[in-house]
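Please construct the entire structure, taking both the sequences and the accompanying hints into account.
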Amino acid sequence: MTTSQDNRSSKDKDNKPSVEARWSKPSLARIMPEIGQRYWKLYYAAKAKNWILAEFEMKEISELMEVGGESRPKYRARLHDFVQENMGPMAEAIKGQDWDAFDAAFHQGVKDANRYHLESDRGYIVWKLPDSPPPDLDMTPQVS
Numbered sequence: 000m001t002t003s004q005d006n007r008s009s010k011d012k013d014n015k016p017s018v019e020a021r022w023s024k025p026s027l028a029r030i031m032p033e034i035g036q037r038y039w040k041l042y043y044a045a046k047a048k049n050w051i052l053a054e055f056e057m058k059e060i061s062e063l064m065e066v067g068g069e070s071r072p073k074y075r076a077r078l079h080d081f082v083q084e085n086m087g088p089m090a091e092a093i094k095g096q097d098w099d100a101f102d103a104a105f106h107q108g109v110k111d112a113n114r115y116h117l118e119s120d121r122g123y124i125v126w127k128l129p130d131s132p133p134p135d136l137d138m139t140p141q142v143s
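For what it's worth, numbering that gives the first Met the number 0 labels the leading residue of the sequence shown as 0, then goes sequentially.
Wrong hints could be hidden among the right ones.
Derived Cβ-Cβ restraints for the label pairs, each shown as a range [to be verified]:
(1) GLN141 with TRP98: 17 to 23 Å
(2) GLY95 with GLU62: 18 to 24 Å
(3) ALA103 with ASN14: 45 to 51 Å
(4) VAL125 with GLU65: 50 to 56 Å
(5) LYS73 with LYS48: 37 to 43 Å
(6) ASP97 with LYS58: 30 to 36 Å
(7) GLY122 with GLU33: 18 to 24 Å
(8) TYR74 with THR139: 34 to 40 Å
(9) PRO140 with ASN14: 51 to 57 Å
Please keep in mind that the hints were generated in silico from the structure rather than gathered at the bench. By construction, the Cβ of each residue, glycine as well, lies at the ideal position given by its N, Cα and C atoms.
Structure follows, in structure tokens:
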């Protein structure tokens, strides 16, 4: 037995994805704020020499970028390029616990992200590093 819900199109009357379809996969508008929050934490974790937390944030950002590429194939190549070209050097700096290399790679990532926004007709989105660490985490490495 089928119901009207079973026959419902994934498109609305204007041929746009339905509300259900739009919410079934996270859009970049939903993912990017989390990426920005994690990018912020990544920086201050590395600055505090909390390399384990920095590595964790890197992994989470990379996974979110992958999800973003799956949900928005139009941006998949750019997201992949950002992970390879920007996150890769940061990952190497974290692995080597090299603050100077990390700092340079991080700020290059900010420049490139903002350039990607501009090239994607999203020039009104300009990310910047907040002046202080996020208040919800103690960035000090814990000793076990």
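Hints and how they fare:
Between GLN141 and TRP98, the C-beta spacing of about 19 Å keeps the proposed range 17 to 23 Å intact. Separated by about 22 Å at the C-beta atoms, GLY95 and GLU62 satisfy the suggested range of 18 to 24 Å. At roughly 46 Å, the beta-carbon separation of ALA103 and ASN14 lies within the given 45 to 51 Å, and the hint holds. Taking the beta carbon of each, VAL125 and GLU65 are about 24 Å apart, not inside 50 to 56 Å as hinted.
Between LYS73 and LYS48 the Cβ separation comes to about 38 Å, which falls inside the hinted range of 37 to 43 Å. Range check, ASP97 to LYS58: Cβ separation about 18 Å, and the 30 to 36 Å hint is violated. At about 21 Å, the CB distance of GLY122 to GLU33 agrees with the hint of 18 to 24 Å. Roughly 36 Å separates the CB atoms of TYR74 and THR139, a value that falls within the hinted 34 to 40 Å.
For PRO140 paired with ASN14, a C-beta distance near 52 Å keeps the hint of 51 to 57 Å intact.
The earlier numbered hints that this structure contradicts are 4, 6.
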